[in-house]
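*Asks:* So you can see what is in the structure, the chains are spelled out below.
Protein chains: 4
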Amino acid sequence: MIVILSNKVTEERIAEIIQHIEKHEVTTHLSRGVDRTVIGIIGKASPMLAEHLRQLTGVEQVVKISKSYKLASRDFHPDNTVIKIGGVEIGGDQLVVMGGPCAVESPEQIDEIARLVKASGAQVLRGGAFKPRTGPYSFQGVGVEGLVMMAEAGQKHGLLTITEVMTPEYVDVCAEYADILQVGTRNMQNFDLLRKLGTIQKPVLLKRGFSSTYDEFLNAAEYILAGGNPNVMLCERGIRTFETYTRNTLDLSAIPALQTLSHLPVISDPSHGTGRRELVEPMSKASVAAGANGLIVEMHTDPDNSMTGDGVQSLFPEQFAQLMLDLEKLAPICGKRFDSKKELVCS
Amino acid sequence: MIVILSNKVTEERIAEIIQHIEKHEVTTHLSRGVDRTVIGIIGKASPMLAEHLRQLTGVEQVVKISKSYKLASRDFHPDNTVIKIGGVEIGGDQLVVMGGPCAVESPEQIDEIARLVKASGAQVLRGGAFKPRTGPYSFQGVGVEGLVMMAEAGQKHGLLTITEVMTPEYVDVCAEYADILQVGTRNMQNFDLLRKLGTIQKPVLLKRGFSSTYDEFLNAAEYILAGGNPNVMLCERGIRTFETYTRNTLDLSAIPALQTLSHLPVISDPSHGTGRRELVEPMSKASVAAGANGLIVEMHTDPDNSMTGDGVQSLFPEQFAQLMLDLEKLAPICGKRFDSKKELVCS
Amino acid sequence: MIVILSNKVTEERIAEIIQHIEKHEVTTHLSRGVDRTVIGIIGKASPMLAEHLRQLTGVEQVVKISKSYKLASRDFHPDNTVIKIGGVEIGGDQLVVMGGPCAVESPEQIDEIARLVKASGAQVLRGGAFKPRTGPYSFQGVGVEGLVMMAEAGQKHGLLTITEVMTPEYVDVCAEYADILQVGTRNMQNFDLLRKLGTIQKPVLLKRGFSSTYDEFLNAAEYILAGGNPNVMLCERGIRTFETYTRNTLDLSAIPALQTLSHLPVISDPSHGTGRRELVEPMSKASVAAGANGLIVEMHTDPDNSMTGDGVQSLFPEQFAQLMLDLEKLAPICGKRFDSKKELVCS
Amino acid sequence: MIVILSNKVTEERIAEIIQHIEKHEVTTHLSRGVDRTVIGIIGKASPMLAEHLRQLTGVEQVVKISKSYKLASRDFHPDNTVIKIGGVEIGGDQLVVMGGPCAVESPEQIDEIARLVKASGAQVLRGGAFKPRTGPYSFQGVGVEGLVMMAEAGQKHGLLTITEVMTPEYVDVCAEYADILQVGTRNMQNFDLLRKLGTIQKPVLLKRGFSSTYDEFLNAAEYILAGGNPNVMLCERGIRTFETYTRNTLDLSAIPALQTLSHLPVISDPSHGTGRRELVEPMSKASVAAGANGLIVEMHTDPDNSMTGDGVQSLFPEQFAQLMLDLEKLAPICGKRFDSKKELVCS
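Chains as they are written, first to last, in UniProt numbering: chain B, 1 to 347; chain A, 1 to 347; chain X, 1 to 347; chain W, 1 to 347.
These are calculated hints, taken from the structure and not from any lab test.
Fair warning: there could be bad hints in the mix.
Said to hold, decoys possible - Stretch-level coverage of chain W by chain X, calculated; a stretch enters the list once three of its residues show a Cβ under 8 angstroms from a Cβ in chain X:
#1 135-143
#2 187-198
#3 216-225
#4 302-311
What the hints assert, rightly or not - Computed far set for chain W versus chain A, every beta-carbon distance over 12 angstroms:
#5 34
#6 43
#7 70
#8 228
Quick reminder that beta carbons are idealized off the backbone N, C-alpha and C, glycines included.
Use the sequences and the hints to build the structure in full.
*Replies:* What follows is the structure, given as structure tokens:
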């Protein structure tokens, strides 16, 4: 850590600041430049120390050399994390596709979609039972019943399942019915939820907050890892920018960047990331070319009548099937395998 | 609501779309322009209808004419909401100042700060017992004990109290000890928390999410109002921009804009909004000049040793006292009164 | 165009507004909803009319149905624009790669790089003679001499050349020496420059402003097209977001989105778009998978000693060559051809 | 300057990097931490050195301790710059108000507005003769004739004048007719224009680019100062954010922040900064409370018929006059004087 002092700081204050720092069981090295004086800190500083020093009078800037996250960092875990569920491996050389509707609506709907997802070669069924909605008057999901419907559809068709969990109380019931728990973008910094997810072993797909930096994203993952659950995958799902044509701006640089900074698998969500059906196919391919370990894609048999209003970004089943065929060709060129229709999944 | 159709839509599809819309008990009016055909919708459309229509094939854009929030809108509630707590009125012509540390640290700390806040003329004591922290290794607050310490300090010195509640389970205990409950920026769209806050009557200060629009902010307030709690105040606390000199960009236009769109009181938080001590005083004054109903300002007796690292944005007690003197002069020119040191508060 | 009136507008004012609108040789249609009254405008409205109506007292919002750009829009030009230069076709099924240093530094440097670019299979040599620099003390380029050096290197090695033009006065000299003129991100709205480029026929690569929307980008292209130069290609080069790990956020959704909105070719710049060497390769591939018509990529034989400081994002020659090999495999899967090392180019 | 090395760098490469640095006539100090090795640089480094070192293989991050701008920095010029023009002092304790239409439209229009501006107590007449327009089909201004009209109106009514210059060729003619030259937000990084403005002595009002940081803004000012023109004032005019209710987000923290970082006067533009007439008055007051040295405010006698479409943000003359009365009361409380109607101006 490096502490840059303001150019008006007195000798006396410099001494005080050094004393302050050395209370934290580190050693310091003072360096006087032309315009500024700088204190270097050597030793195992606690992650809180930077925040603490930043507030001292006379300190202009604190530059962290080490990252504030450890367990999520590739520095301390050089090999890729590969999460194995049933026959599926997320984070290795297999490309994993999660498909399905925004929300579970009825047993018939989810069963029919599961059939189509499976037939196309994807490995995981997605669907929301609880929906985070920006207005209080919108459809809020069918609740626990939806979890049951989805679990049945998954089992019947040989698919893993993923569903969103929104609050700590529902972690246990979601974990009972689904194979992967998803944390939505608005909950990326719901720290109570993250802590609770750290106490289970079910894999968690953590979505990037829509205005979060990579650093904040990896710190959020750190909460789950620090709690004892190593099965975390990161999901880029678009960030907020001033462009309004797309619902969000899908930041594909996040894929190779997060894979450099971290050992966790990175999944891309082109459906929420663009909010437009016609952009899902090119951005799915671009995600794979950028190195994504998987995709999570919305598909609906009747998007005109989707209950959440997310039909606008859902693929039609035939578009989804075509995309899977395209990915089968693309994957090997990008160092991945996608054995469409040949996977055996037993959750 | 106005539905703009894509320029390739067929007559047959237009007829289907109109049929679709008229199922929702509204009437339509078709208008054919040079490039585009447009359907106007007349009648009391449900707030979900726009989301729903946007996903229909052949629909290019849906323009809402009415707002998606009702209870929070000034259209339906022309008079200012004035929240009365003890002798303090928030939302009227009184300027309300909430001061105190980022976190409650000890009984002595909060007692001494409460004494100074009161002596300066502010009416509310702020302090966090539970702290939302971006990394899992940071100080997380002293918990329920902190609520007790703060309640005692408030009572002793004749101050109202405000504290942050982070999760639905803690709403009841926070409401027992504090006069105002605060929802932090990361929880603005924690819908379970908002719903729970709708079931009580304690005033709620809702902070704007750090990348939220006014529309999303007012929809979040709508959750609390729709649950039955009319005592909501809005707090501008800075949004995320690409500027990094300030921690956030305090959007003061939000103050008059929200007061135009809504009847709810608007409070400004220049401490989090800037993240720099030296900017708190000018931005506090600017907030009042922009029409803020109140301020929430961090003050600490020993910012060098603040446990949260937020000392960097905390005023020293003498700076806080001077600011109150300045506000006393400024308030009357801005149509507010701030009777420093003369308020009688009994919670 | 649709004009939404404020809910307080009087009947008298409505009549005045309608009179106002009808002066512009269009007809109107009045529609009264529950909360708002709306005026629909039918006829060929001038692009300025929306701006004009927005400022009328009593008008709350103006929604444009038609786009403000015409010549750049696919609505009015359904077929792709294909720009032919020498044997190279930009905008068709050929993938075009432009490679080279940030700045031309010496005849030897540009000659050696040109040789490597050619040997790798790319078709265009890039290099700046004039450099836009954010501080006045930085290296500003070698000027007109650099144009000469680059033209010679291009001719010798059978490569087209592209260089940035920063000011209207230099358009003619740049057009004399280079095959394609580039408008940098800071000049996307330098309207005098755009107008001047409309008066020539040399192809122009227009970079997206780093905080511009698609709409603004296409309006900037419209300036050049409206001046009479149809040879415009669009270049996505990253937008500014709050993420600081990458220099910019490369918005790959812009590629299919701009290709839907417009008929102009779309080129991707992963070098400036990420600002990090290790991200250039994955983002180049992702750009092609997203449908880009071409890439512009920085390559330097000695990035450690690049004079502009952009070495940090320049590929080493061997990385560039490897990328070309990878693109040769990827292109056909993405509906493009990239005949590495087989192109005959004669400018 | 501090150079942080990547954790995989070899001893050999460290030695090379040090050699590299020491070529630039500075000394280095090597410091080995637990995770990273750091090189401190002592001595007068050229502003380009950071850019240069950042690109070296093995360098992870370069932290500048000194600023890249010098002449614009308060570190090297502790006293406020006060620009004196006629009897008006910008940057001292006088509050300066610049009022007028977006564009000069006719001699009668500008004469009548000048009369009203003067009668209200403002000191400077604003008005554009050349207009930067985002689409090529919009009104582009009346040109040089407009400069003449404005100069005549200013002289007749005893007002200074300010007008926008968009291109280096027009600097001389604008400087001939106007007292202050304005650089618009889209030209903040038009470096040729900035360089040309450095060669004259006329005061320049430089607007912040709509997605620029303070650092970039001050580097743009540095261009003009480095050319030899010390008469630069900075203008905050709103930045682009994801909020669309306001046209831009007026960043008032920029006022005290820029005054801390620099000695140059800071002017606020609440008209462009909000894009909404009803927000101009509160944000004007807030700007003064935040410490602005002046305001630039649009006013129009017939905003319904403004030729630029900017009538939506123009005050009516009576609103402008009322604002001046309000500022007269507010200024003294904010340490400024605004002697409405008592100024004698002779340019």
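*Asks:* Each hint: holds or not?
*Replies:* Verification of the hints:
For the region 135-143 of chain W, the stated coverage by chain X holds: 5 residues have a C-beta nearer than 8 angstroms to a C-beta of that chain, and at least 3 were required. Closer than 8 angstroms: that is the beta-carbon criterion, and the region 187-198 of chain W has 7 residues meeting it against chain X, so the requirement of 3 holds. Coverage of the region 216-225 of chain W by chain X holds [criterion: at least 3 residues with CB-CB distance below 8 angstroms; count 5]. With 7 residues bearing a CB less than 8 angstroms from a CB of chain X, the region 302-311 of chain W meets the requirement of three and the coverage assertion stands.
At roughly 16 angstroms from the closest C-beta of chain A, the C-beta of residue 34 of chain W stays outside 12 angstroms, upholding its exclusion from the interface. With a cut of 12 angstroms on Cβ distances, residue 43 of chain W stays outside the contact zone with chain A, its closest approach being about 26 angstroms. At roughly 18 angstroms, the least C-beta separation between residue 70 of chain W and chain A is larger than 12 angstroms, which holds for a residue marked as non-interface. With 12 angstroms as the threshold on Cβ separation, the claim that residue 228 of chain W sits away from chain A holds: the shortest Cβ distance comes to roughly 28 angstroms.
This entry satisfies every hint, going by the numbered hints stated previously.
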